[in-house]
Amino acid sequence: MTIAIGDRIPDITLKTNGEQGPEDISTGELFAGKRVVLFAVPGAFTPGCSNTHMPGFVVNADKLLDKVDVVACMAVNDAFVMDAWQKDQNAEHITMLADGNAEFARALGLEMDASAGGMGTRSKRFALIANNGVVEYLGVDTKGVEQSSAETVLAQL
Numbered sequence: 606m607t608i609a610i611g612d613r614i615p616d617i618t619l620k621t622n623g624e625q626g627p628e629d630i631s632t633g634e635l636f637a638g639k640r641v642v643l644f645a646v647p648g649a650f651t652p653g654c655s656n657t658h659m660p661g662f663v664v665n666a667d668k669l670l671d672k673v674d675v676v677a678c679m680a681v682n683d684a685f686v687m688d689a690w691q692k693d694q695n696a697e698h699i700t701m702l703a704d705g706n707a708e709f710a711r712a713l714g715l716e717m718d719a720s721a722g723g724m725g726t727r728s729k730r731f732a733l734i735a736n737n738g739v740v741e742y743l744g745v746d747t748k749g750v751e752q753s754s755a756e757t758v759l760a761q762l
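Here the working numbering is used: the first residue of the sequence shown is 606, the next is one more, and so on.
Think of the hints as simulated: they come from the structure by calculation, not from any bench. Hints may contain errors.
With a cut-off of at most 20 Å between alpha-carbon atoms, the simulated PhoX-like pairs for lysine-lysine come out as follows [what the hints assert, rightly or not]:
hint : residue 1 : residue 2
1    : K668      : K639
2    : K729      : K748
3    : K639      : K672
With the hints as constraints, model all of the structure from the sequences given.
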């Protein structure tokens with residue numbers, strides 16, 4: 606079942622890259638007491654994600670962070686890939702979350718089977734706004750980035 610507006614974000618342990626390498630990060634802690642924008646992509650370094658989706662969040666990071674506490678990007682990749690993609694995209698103001706086993710995507714009901722393309726289980730492309738761990742907005746795209754773009758998210762804030 607897909608998470609919906611009014612639902613609480615599930616508490617799952619993800620990875621992020623810290624100063625000493627990969628570190629655990631709990632979604633329960635990340636979302637607690639904060640307003641958070643989370644956007645997810647099917648894969649770091651993929652053309653649509655690198656050329657269309659991420660750039661909008663990089664360009665609008667200051668505007669978003671004026672209205673929320675955290676802007677985070679999640680993908681079913683490992684923490685090393687997410688760290689390299691963050692550097693490649695100049696996304697230093699975005700918290701990168703690695704969902705290497707798609708546990709968070711599954712818990713949200715937003716996983717997809719990309720095995721036909723050799724990519725296994727991935728996350729659907731989506732964006733959400735959560736306040737203290739409760740979903741206020743959810744936009745899921747099956748094609749393009751209209752529901753999950755930085756501009757759409759900004760309009761919801």
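Violated hints - listed by number, lowest first: none
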